[in-house]
Amino acid sequence: MKSVIMELTHPPFGRENTYAALFVGSASVSLGVKVTVVLAGEGVYVGLKGQVDPQGNIDLPSTEQQVRDFMELGGRVVVEEQSLSSRGIFSAELIEGLEVLDSKNVTDLLLDKGDQIMVF
Amino acid sequence: MVAETGLKQTLALVLFSAPYGNQYADHMCRVAERALGKGYSVEIFLYGDAIHSHLIEQKPKNFFNIGEALTRLGDKGATIYSCLICAIARGYMREFDEAKKVYNSPITLPFVKFVTVQGFVSMIKRADRLMMFGSS
Amino acid sequence: MTRIILLLMRLPASEEEAERILSVTFRALERGSEAVIYLLGEGVLWSKGLMPRKHLGKVLESGGKVRASKKDLLARAIRLDLMESRIEVVGDLEGELVDDAMMPSTQVISW
Numbered sequence: 001m002k003s004v005i006m007e008l009t010h011p012p013f014g015r016e017n018t019y020a021a022l023f024v025g026s027a028s029v030s031l032g033v034k035v036t037v038v039l040a041g042e043g044v045y046v047g048l049k050g051q052v053d054p055q056g057n058i059d060l061p062s063t064e065q066q067v068r069d070f071m072e073l074g075g076r077v078v079v080e081e082q083s084l085s086s087r088g089i090f091s092a093e094l095i096e097g098l099e100v101l102d103s104k105n106v107t108d109l110l111l112d113k114g115d116q117i118m119v120f
Numbered sequence: 121m122v123a124e125t126g127l128k129q130t131l132a133l134v135l136f137s138a139p140y141g142n143q144y145a146d147h148m149c150r151v152a153e154r155a156l157g158k159g160y161s162v163e164i165f166l167y168g169d170a171i172h173s174h175l176i177e178q179k180p181k182n183f184f185n186i187g188e189a190l191t192r193l194g195d196k197g198a199t200i201y202s203c204l205i206c207a208i209a210r211g212y213m214r215e216f217d218e219a220k221k222v223y224n225s226p227i228t229l230p231f232v233k234f235v236t237v238q239g240f241v242s243m244i245k246r247a248d249r250l251m252m253f254g255s256s
Numbered sequence: 257m258t259r260i261i262l263l264l265m266r267l268p269a270s271e272e273e274a275e276r277i278l279s280v281t282f283r284a285l286e287r288g289s290e291a292v293i294y295l296l297g298e299g300v301l302w303s304k305g306l307m308p309r310k311h312l313g314k315v316l317e318s319g320g321k322v323r324a325s326k327k328d329l330l331a332r333a334i335r336l337d338l339m340e341s342r343i344e345v346v347g348d349l350e351g352e353l354v355d356d357a358m359m360p361s362t363q364v365i366s367w
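Protein sequence lines, in the order shown, are assigned to chains Z, G and L. Throughout the first sequence, residue numbering follows our numbering, covering 1 to 120 in sequence. Throughout the second sequence, residue numbering follows our numbering, covering 121 to 256 in sequence. Throughout the third sequence, residue numbering follows our numbering, covering 257 to 367 in sequence.
It should be emphasised that the hints constitute simulated quantities derived from the structure, not laboratory data. Worth double-checking, as some hints may not be accurate.
DSSO-like, lysine-lysine: derived pairs with alpha carbons at most 30 Å apart [to be verified]:
| no. | chain 1 | residue 1 | chain 2 | residue 2 |
| --- | --- | --- | --- | --- |
| 1 | L | K326 | L | K304 |
| 2 | Z | K104 | Z | K34 |
| 3 | Z | K2 | G | K158 |
| 4 | Z | K2 | L | K321 |
| 5 | L | K327 | L | K304 |
| 6 | G | K245 | Z | K104 |
| 7 | Z | K34 | Z | K113 |
| 8 | G | K233 | Z | K2 |
| 9 | G | K158 | L | K327 |
| 10 | L | K321 | Z | K113 |
Can you build the whole structure from these sequences, using the hints too?
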């Protein structure tokens with residue numbers, strides 16, 4: 001089975017990147033591709049739980065729901081610890097089920113599991 | 121380039137940004153051209169704003185013409201896909217052909233194939249190598 | 257996996273991003289893998305102002321290879337005679353990249 005890593009490096013909503021990546025990520029998992037999403041840099045904001053009705057408030061689909069759907073389909077989501085701490089984000093603020101890894105383990109994940117690596 | 125299995129190796133290229141505002145489309149086209157020249161099979165996926173790359177009648181005065189570059193790549197055997205929902209969102213789809221069960225886009229370069237996200241995933245599965253352009 | 261290729265087509269947005277982009281290179285080299293960085297388009301500007309223990313300077317010190325597109329350097333008035341001598345200036349970087357990327361056991365990450 002092909003193993004794909006998607007590294008998300010932008011916060012949600014400001015650009016299409018996050019939505020587009022998670023859209024492909026969920027489709028890939030449901031079609032038999034092993035996908036790990038890595039949230040790093042500004043991408044860690046994608047991991048925050050508690051988005052309040054983005055569709056109603058800013059006319060954009062909830063990326064939090066996309067993350068939850070992706071994990072429910074069997075996708076793995078990893079958050080880089082240093083990116084969290086430098087932004088003052090606590091693990092308690094993250095969507096349940098996200099794994100926090102230090103940067104060394106994240107790079108090992110990229111090197112070991114990334115048959116194909118997509119940065120969004 | 122032929123792998124040990126006897127099949128051509130496939131290079132998949134994903135473009136995620138529109139032409140002219142930056143150089144990513146130029147880079148992608150040049151990499152694709154070299155890969156075709158070296159005998160690789162090339163598949164291109166235009167995703168998000170990159171779908172503007174397949175608009176007909178592009179006439180940049182001084183810039184590398186992306187429409188012409190994609191046409192050359194198509195002529196040389198590259199398969200060029202476009203994200204259907206991205207194209208619908210951006211007004212490229214004008215009619216649905218009931219007989220052929222396909223969308224028609226009279227403003228799109230004729231060799232471009234519109235596919236859903238499943239088409240993207242199929243390409244990921246087929247590709248020996250994948251490169252992203254303009255997505256970071 | 258035995259080789260990692262980084263294709264850099266833009267400058268980093270921050271010091272944090274620069275370190276994160278290159279971290280996979282340093283880790284690959286630590287693990288005994290080969291790491292090659294391709295500088296294309298605006299990415300060639302990574303080659304300016306190198307310091308021994310930072311960014312591409314550190315990549316070179318650590319045994320990684322750096323290759324830069326000649327036409328993109330020349331277009332941006334980067335003088336080849338002032339370039340760090342261990343950076344390989346390549347006439348057809350896109351072609352070399354394809355050959356390299358299609359080698360077995362190779363990963364490609366582009367920025």
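Verification of the hints:
no.: 1; hint: L:K326 / L:K304; result: 14 Å, holds
no.: 2; hint: Z:K104 / Z:K34; result: 21 Å, holds
no.: 3; hint: Z:K2 / G:K158; result: 25 Å, holds
no.: 4; hint: Z:K2 / L:K321; result: 28 Å, holds
no.: 5; hint: L:K327 / L:K304; result: 16 Å, holds
no.: 6; hint: G:K245 / Z:K104; result: 28 Å, holds
no.: 7; hint: Z:K34 / Z:K113; result: 9 Å, holds
no.: 8; hint: G:K233 / Z:K2; result: 24 Å, holds
no.: 9; hint: G:K158 / L:K327; result: 21 Å, holds
no.: 10; hint: L:K321 / Z:K113; result: 23 Å, holds
Going through the hint list in order, the structure satisfies each hint without exception.
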